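> In case you want the letters, here they are:
2 protein chains.
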Amino acid sequence: MGKLILFGNTLGEGGDHLFTLHYKQLISSLDGMIGESDRGARRFLAYFRDQLEKPIHHIPVALFRKKTDVSEINFLLEPIEAGQTWGYVSDAGWPCVADPGHLLVQRCRKKGIPVEACLGPSSIFYALVLSGFDGNRFAFNGYFPKEPVARKKEILRAQKESGVQIYIEAPYRNQATFESLLENLDEKRSLCIAKNLTLPSEEVITRTVASWRERGYRFEKEPVVFLF
Amino acid sequence: MGKLILFGNTLGEGGDHLFTLHYKQLISSLDGMIGESDRGARRFLAYFRDQLEKPIHHIPVALFRKKTDVSEINFLLEPIEAGQTWGYVSDAGWPCVADPGHLLVQRCRKKGIPVEACLGPSSIFYALVLSGFDGNRFAFNGYFPKEPVARKKEILRAQKESGVQIYIEAPYRNQATFESLLENLDEKRSLCIAKNLTLPSEEVITRTVASWRERGYRFEKEPVVFLF
Numbered sequence: 750m751g752k753l754i755l756f757g758n759t760l761g762e763g764g765d766h767l768f769t770l771h772y773k774q775l776i777s778s779l780d781g782m783i784g785e786s787d788r789g790a791r792r793f794l795a796y797f798r799d800q801l802e803k804p805i806h807h808i809p810v811a812l813f814r815k816k817t818d819v820s821e822i823n824f825l826l827e828p829i830e831a832g833q834t835w836g837y838v839s840d841a842g843w844p845c846v847a848d849p850g851h852l853l854v855q856r857c858r859k860k861g862i863p864v865e866a867c868l869g870p871s872s873i874f875y876a877l878v879l880s881g882f883d884g885n886r887f888a889f890n891g892y893f894p895k896e897p898v899a900r901k902k903e904i905l906r907a908q909k910e911s912g913v914q915i916y917i918e919a920p921y922r923n924q925a926t927f928e929s930l931l932e933n934l935d936e937k938r939s940l941c942i943a944k945n946l947t948l949p950s951e952e953v954i955t956r957t958v959a960s961w962r963e964r965g966y967r968f969e970k971e972p973v974v975f976l977f
Numbered sequence: 750m751g752k753l754i755l756f757g758n759t760l761g762e763g764g765d766h767l768f769t770l771h772y773k774q775l776i777s778s779l780d781g782m783i784g785e786s787d788r789g790a791r792r793f794l795a796y797f798r799d800q801l802e803k804p805i806h807h808i809p810v811a812l813f814r815k816k817t818d819v820s821e822i823n824f825l826l827e828p829i830e831a832g833q834t835w836g837y838v839s840d841a842g843w844p845c846v847a848d849p850g851h852l853l854v855q856r857c858r859k860k861g862i863p864v865e866a867c868l869g870p871s872s873i874f875y876a877l878v879l880s881g882f883d884g885n886r887f888a889f890n891g892y893f894p895k896e897p898v899a900r901k902k903e904i905l906r907a908q909k910e911s912g913v914q915i916y917i918e919a920p921y922r923n924q925a926t927f928e929s930l931l932e933n934l935d936e937k938r939s940l941c942i943a944k945n946l947t948l949p950s951e952e953v954i955t956r957t958v959a960s961w962r963e964r965g966y967r968f969e970k971e972p973v974v975f976l977f
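Chains L and F are the protein sequences, given in the same order.
So the first sequence is numbered by my numbering: it starts at 750 and just counts up by one.
So the second sequence is numbered by my numbering: it starts at 750 and just counts up by one.
Isolated chain L (complex conformation) (with noise of 0.2 Å):
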């Protein structure tokens, strides 16, 4: 029998300073790896260039998206039953968070295929550390609904909950969302901005929603996690 190993990717170009010393170990095991995109694996191998013994055009990749059958699992993971270690890896940040790594990591449960984690930076926990709210009790609630009612509602759903609220967003809803929040939020909440994080750029800002407010924010098409 062999191994599934779960790789966190980076959160941009360049920040692989920030994967662990035990990557370059795991990695130069590998016979193929599970990618969520064919380019977001092979981005992800080449960091480990000089680590790998063959070239990383001749490691097979194999792709599971959200969209793949999930009676294709099976096969996914025949190479590992047979012995040998592959790896998974999401296109940014951790696997099986925001990604459907978990459902390979179920079907290895069940057939007894030992499952180990090898962990990067993750975009939530970067955001919930930077913003000065208290980490004791916090929700992650993935992307917030793309339909404005539907967000709207959410997002005052959120509000009433205990702990810190966090959400990502895809790039080109930010401003659409943002000022959702404003609109919706109670405006003595904190809310708590963090963008391109772990990247050069990286900007964290908490303010109170009446701050937002009469300051305003102009997004670009980047990864945003909002928290409040």
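Treat the hints with caution; some may be incorrect.
[Stated by the list, open to error] If you want the footprint, here are the derived chain F segments under chain L, 3+ residues with CB under 8 Å: (1) 764 to 771; (2) 788 to 795; (3) 828 to 836; (4) 888 to 897; (5) 929 to 936.
None of these hints come from the bench; they were simulated from the model.
It should be emphasised that the depicted structure is a prediction, and the values quoted were computed from it without experimental measurement.
Cβ coordinates follow ideal geometry from the N, Cα and C atoms, glycine included.
Knowing the structure of chain L, use the given hints to seat chain F on it.
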């Protein structure tokens, strides 16, 4: 103006292969360290013995504990305002998650002191990724209430929430909490027990409550994350 750098600690002895390559650079720039305990901060610094110019016992360590009066935060930040670079490290895992570090970050934000994060392993997120549960939505709820009736109430409340529910527990209460989970969770619900994460004795088991009831489990006094 100096800087506050938030460091993640290991989850146990010898976990320093999980530090990132970035740690070394940042550690060697430190003028001092704020710690949740003197022992925890010194143990952390000792990992970098070879990277530091001065003996680790010559690096000032200031304490910031749950019981520290909040009025002392200004005192702790004085050298940073005067231009120095200080670190903050909790006793295990991430800063600002189950320790008072967020109060330091809040004050820094108010004073305009730059804050940087350099994060290592987190038991909570290793547990989430390895559980096989769907990480698209989850809540970290801290410690279970100590008192049995309040604990039961909390379990029943959390069971109704959507998303994965995550808890840590004081090691000596693991067994009582586990029994209470088996008693109060729906028998079809999956319960994951993740212990000694990132250590050689790491174990992560996910089963239905019905199956746990049948097999039982004996805990040592060890760090456990409970997920359901």
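> Run every hint past the structure and note whether it holds.
Here is what the structure says about each hint:
1. 764 to 771: Since three or more residues must qualify, the claim that chain L covers the stretch 764 to 771 of chain F holds, with 7 doing so at under 8 Å.
2. 788 to 795: Since three or more residues must qualify, the claim that chain L covers the stretch 788 to 795 of chain F is violated, with 0 doing so at under 8 Å.
3. 828 to 836: The restraint on the stretch 828 to 836 of chain F is violated, since only 0 of its residues have a Cβ under 8 Å from chain L and three are required.
4. 888 to 897: This one holds; 4 residues, not fewer than the three required, reach chain L with a Cβ under 8 Å.
5. 929 to 936: Coverage by chain L is violated for the stretch 929 to 936 of chain F (0 residues, Cβ < 8 Å).
Hint compliance for this structure: hints 2, 3 and 5 are broken, all remaining hints hold.
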